[in-house]
Structure formats: structure tokens, C-alpha cells
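Taking the hints as your guide, dock the two standalone chains into a single complex.
If you read the protein sequences in the order shown, they are chains A and B.
Position 36 (the first sequence) corresponds to 36 in the UniProt record's numbering; numbering is contiguous.
Position 142 (the second sequence) corresponds to 142 in the UniProt record's numbering; numbering is contiguous.
No lab work stands behind these hints, which were simulated from the structure alone.
Among the clues, some could well be false.
[Claimed, not checked] Under the rule of at most 25 Å between Cα atoms (straight-line distance), these lysine-lysine pairs were calculated in the DSS-like manner:
| no. | chain 1 | residue 1 | chain 2 | residue 2 |
| --- | --- | --- | --- | --- |
| 1 | B | Lys-74 | A | Lys-53 |
| 2 | B | Lys-68 | B | Lys-6 |
| 3 | A | Lys-53 | A | Lys-64 |
| 4 | B | Lys-68 | A | Lys-53 |
| 5 | B | Lys-84 | B | Lys-74 |
| 6 | B | Lys-74 | B | Lys-6 |
[Said to hold, decoys possible] Listed next, with one range per pair, are the computed distances between beta-carbon atoms:
| no. | chain 1 | residue 1 | chain 2 | residue 2 | range |
| --- | --- | --- | --- | --- | --- |
| 7 | B | Val-97 | A | Ser-47 | 32 to 40 Å |
| 8 | B | Asp-71 | A | His-17 | 22 to 30 Å |
| 9 | B | Gln-72 | A | Lys-64 | 25 to 33 Å |
| 10 | B | Asn-21 | A | Leu-60 | 51 to 59 Å |
For each residue, glycine too, the CB sits at the ideal point set by N, CA and C.
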Amino acid sequence: MAKLAITNTIRALRFQHNEMTQQQLAEVVGVTRQTIAAIEAARYSPSLEVAFKIAIVFNLPLEKIFQYRQ
Amino acid sequence: MSYTQKSRLLEMCITMVVLFNYLQSVLSMTPEAQMDPLLASGLLISLTIQTVVMLIVMHIILAIFNTKYADQAKDEREQAIALKAKSVALLILQLGVVNAVFAMLIDPHFGFAISPVHQLVIAALVSEIIGAGAEAWLLYRG
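Just chain B, same shape as in the assembly (with noise of 0.2 Å):
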């Protein structure tokens, strides 16, 4: 397994981890309290710091154990591969905005469980986490 690889790996799994959490806070509110812009924004700058945190833990253990590859820039076949992950990873993003646009709409009629604002959040963490799990598995298959 190359260092990209574990790479992209972990950072999936980061996020999934940050996405669980994020969840699980969200859907603790009450719909009143998820528009709330103060604890929106809270809840949006720990996830940021979650974020940052655990990726920076992560890269240093990683470079730790492989030393040799840690500050090797991707060559172009892993380039190519990441171009076509991100590619991935833009249209479910979109496919997000999208669906919290409608959400947006139609929301006073029906209400969700999960406010829009917090669904744009959710996706941009989905779509991250698609991407990383696309990109591992092309650099897998070669």
C-alpha cells in the first residue's frame, strides 16, 4: 500500500469520524436551535478544529513510520488518479447544494429533521469522505 494511499485512508476515516459526531449534534437540537446562527457557528468552528487536529496527529504518526515517502510529491499517475477522485467528489458536492436549495424551499411547508444549512455541511463532509474512499480504491486497483 503506498503512503498516498494510507493517506487518503485515514483521512477518510477522520471524517467519517468528524461526520458521526457532527451528526450526532446536530440531531440532538431541536429544529429551533439547529437555526440558531450562534450555535450553528459553534458547532461549524469545532468542527473545524476536530478537523485540523486530527489530521495533523494523523500525518505526523503516518510520516513517522514512513519516513522514506513522507515528503515525496505525488507522481503523475497518483496525480492523474486524485484529479479523477475530486471529479467524483465535486458532483456529489453539488448534488448536496442542490438537494439544500430544495430543502431551503420547501422546508417551511414540511420542516426536516436536519435544518439546510447543516445538510450543505453534511454533504461537503459526504463528499470528502467519497472522494478519499474513490481515490483509494483507483490507486488500489492501479
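Chain A extracted, bound-state conformation (with noise of 0.2 Å):
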């Protein structure tokens, strides 16, 4: 599948929150781990709750978590 515009830096993020799991984050966002696996390869663009949800979890405004590339 190709990649999307919207790429992210959810992989150094969780290594920098104590090598955070896939399967943790997943359980604190509500989504299972295969979807966190697809945001991460940019196969996958989530909803902004998702998107939200996930800057929650690391303490990050959006723009920190996901870029647009035009």
C-alpha cells in the first residue's frame, strides 16, 4: 500500500517513553495493535480523536506527533 502524506514520529516517541509498546500504546487509545503498527508505517491515517488521543499520551501538541507533506 502506498504511503500517505501524513507521516509521524510515534516510533521515537515511544522508545522515548520507556520503549513503550505497540500493544501499550494501543490499549491506552482504544485501537488494537495492528493499527497502531499501520499509523506508525504511515499506511494508515487515524481520526482526529485517535490523533488527539495519542498526543495525549505523550504530552505533545499535534503538530509535535503528525507533519503533512505536500
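Dropping the structure here:
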């Protein structure tokens, strides 16, 4: 599947947060581990709700986690 | 492999078994027997019972081995994928309905091995198989 224009830094942020696993992040956000893996690989763009939940987990503004490439 | 993916793959396998049994029963009938409403309804009832029983058993077994994920609802990505797969299944079903109607119109002139009514049921089963397969594939691809 083609990569989307929205990239993110979730993988790096997970490692900075005590090497949080995809499963742990998925449980906090309320999605499956496969969805987190797809978001990290830029194969799926999350909804605003999930994006905000991820931002809350890492305590960062949304634009620090998700970037839009034109 | 996620719980949804496992469940859809198993549903596809079950539908394939049901389709195989149904095809076997229909093809063993004479064209006159195929048009008999009593026999056709009996076949449909047995098909429904087979499907329901196998799906219940499958979901019980799957839930026993995946207790953590069994009661979890589909997340947004899985819901989006399910919608895409349903649109594919619907397209197949539409083609099946058009085929059955066409067969019904020309059947008196040519005579097919499978009567249009059964073709409709087969189209529904095939659409279910393709829908489940497409969903499992899209879930795997990410």
C-alpha cells in the first residue's frame, strides 16, 4: 500500500517513553496493535480523535507528532 | 494476526465448506428437482442451520483461545476496512443477481445445469467468501 502524505514520529516517541510497546499504546488509545503499526508505517491516517489521544499519551501538541508533507 | 482477521478468515473457510456442500447437493439434483419449491426450501433451511451452527462453534473456539480480544469492538481502521470489503461483496452480489435474472430469462430456451434460484443463493455465498477474503487481505496489508 502507498504511503500517505501524513508522517509521524510515534515510533521514536514510544522509545523515549520507557520503550513503550505498540500493544501498550494501543490499549491506552483504544485501538488494536495492528492499527498502531499501520499508523507508524504511514499506511493509515488516524481519525482526529485517535490522533488527539496519541498526543495526550505523549503529552505533546498534535503537530509535533503528525506532519503533513505536500 | 488480529482477532478480526482470524475471525474473518475462519468465516470465509466455513462459507466455502457450506458452498461446497450446497453445490454438491444442487448438482446431484435433476433440473426438475431443482425447481421444486419444497426441495429448494429444504436445502436452504439445511444451509442456514449448517452456517449458523458452524459459525457459533467457530466463535466459541476462537473466543476461548483469544479471551482478551473476544469482547473488543472493531476499531476505526477495522471498521473502514470492513466497509471497503462489504462494497466488494455487494458488487459480486449485484453481478450474481443480474446473472440470475438473465439466466431466468433465457433458461427456457437453453436450460442450465443450475436453476436461477440456486444461482442466486450461490452468488450470495460467493459474495460472502470474497467479502471475507478481501477484508482479511486488507487487514493483513495494513
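Consistency of the hints with the structure:
1. B:Lys-74 to A:Lys-53: holds (17 Å)
2. B:Lys-68 to B:Lys-6: holds (14 Å)
3. A:Lys-53 to A:Lys-64: Within the cut-off at roughly 14 Å; holds.
4. B:Lys-68 to A:Lys-53: holds (22 Å)
5. B:Lys-84 to B:Lys-74: holds (14 Å)
6. B:Lys-74 to B:Lys-6: holds (13 Å)
7. B:Val-97 to A:Ser-47: 32 to 40 Å: The hint (32 to 40 Å, Cβ to Cβ) holds, given that B:Val-97 and A:Ser-47 are roughly 34 Å apart.
8. B:Asp-71 to A:His-17: 22 to 30 Å: Because 28 Å falls inside the window, the suggested range holds.
9. B:Gln-72 to A:Lys-64: 25 to 33 Å: holds (29 Å)
10. B:Asn-21 to A:Leu-60: 51 to 59 Å: holds (56 Å)
Going through the hint list in order, the structure satisfies each hint without exception.
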